[in-house]
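Trainee: Listed below, chain by chain, are the residues.
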Amino acid sequence: MGLDPRGPRFAAAVTSVVLAVVLVTGSGWLLAAQAVVFAVAVFAGPGASPYGRLYRTLVAPRLAPPTEREDPRPVRFAQGVGLVFAVVGAVGYLAGLTALGIVATAFALFAAFLNAVFGLCLGCEMYLRFRRATG
Amino acid sequence: MSYVGLAVVAAVLLAATAAGLWRRHTDGRMRSVTPSAAGAGAGSVGSAGEVAGPVLTADEIGAEFGSRATFVQFSSAFCAPCRTTRALLGQVAGELDGVVHAEIDAEHHLDLVRRLDITRTPTVLVLDATGREVRRATGVPRRTDALAAVALASAT
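Protein chains in written order, with the numbering used here: chain L, 1 to 135; chain E, 136 to 291.
Treat the hints as calculated values from the structure; they're not laboratory data. Keep in mind that the hints are not guaranteed to be accurate.
Claimed, not checked - Which residues of chain E face chain L? A few of them, derived with a C-beta cut under 10 Å, are:
| no. | residue |
| --- | --- |
| 1 | S137 |
| 2 | L141 |
| 3 | A151 |
| 4 | L156 |
| 5 | E199 |
| 6 | R203 |
| 7 | F213 |
| 8 | A215 |
What the hints assert, rightly or not - Footprint (simulated), chain E over chain L, 3 or more residues, beta carbon under 8 Å:
| no. | region |
| --- | --- |
| 9 | 20-30 |
| 10 | 44-51 |
| 11 | 109-118 |
Glycine included, C-beta positions come from ideal geometry on N, C-alpha and C.
All chains, full assembly: derive it from the sequences and hints.
Mentor: So this is what it looks like as C-alpha cells:
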C-alpha cells in the first residue's frame, strides 16, 4: 500500500513556504527545524513526518480518496537529498557563512517548488543518474 | 529582513517556473535521433552522418521486433508516468498489427541505460523492423505522437 500522491506535494508546498521564509529571514534555526522534518520523512517515512501528518488530518479528509498510490521509496530518497541541503544550509547560516546558507537553501527551494507546483521530483530523477554512475 | 534573501526567493521561483514550463513543453515529445546517439548502437560502425545500425537486439528486449515498429520502454520500479506510458503503448500495440511493446527495467539493465544514454524514466525508444532507433521520447508520449512514430518506423 503506497502513499496518497497528493501528500508529498502538499509537503513540498509547505516546505517551499518554510524555505522561502528561511531565505527572507536568514534564520538558520528555522532551516535546522526543516532539516529535522526531512530527517523524519527519510527515517520514519513521509507519512510520519509533521507535514505528512498535517496532510492526513487536515487536508485528506476534505478530498476524494486517491485514485492511485505512490511508492514511498523515491520520495524518501528525495527527502534525503533535501536533508543534505538543509543541514549544509543550516550549518552555513549558524556559522556565519551566510552565502553558503543562501545557496543551499536556494537549491532546496528550487526542487521543492518544482515538486509542489509541477509534480516533478528532481530527487527521483537524480536516483537513476546516480545508479548509472555507480551501479 | 534579508533583501538579498528576498531577491533570491524571487529569482529561484522565476527559474523554477521557467524550468517547469520547459519540462512540460518537452515531456512526451517524440524526438528524432541525433547521429551520435544513433551511432552508439549494438552493431553499428557508422561515423557521423551515416545511417546507424540497430541499437538493440531482440535478445536484449526479450521479444522479437515488430514488423512495423517496436516501442522499447525504459521504466523504473516506482514511476507513475511509466505505468501510464505502459498502458498507452500497450493499447497501441494491441490495436495495430506488427507493433510490439517491450519494457526494460532501467535499474537492472544499467549497461543498456549507459549505452543508450537513458537519463530519465519513462524513456521510450521507437525502433523500426531492424531495431534501428527512429524516435525517442522522455515522459509520457501523446497517443497521436506514438501513432505517428509507428508510421515513421514502418516507412524506413
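Trainee: Would you list, in rising numerical order, the hints stated earlier that this structure does not obey?
Mentor: 5, 6, 10
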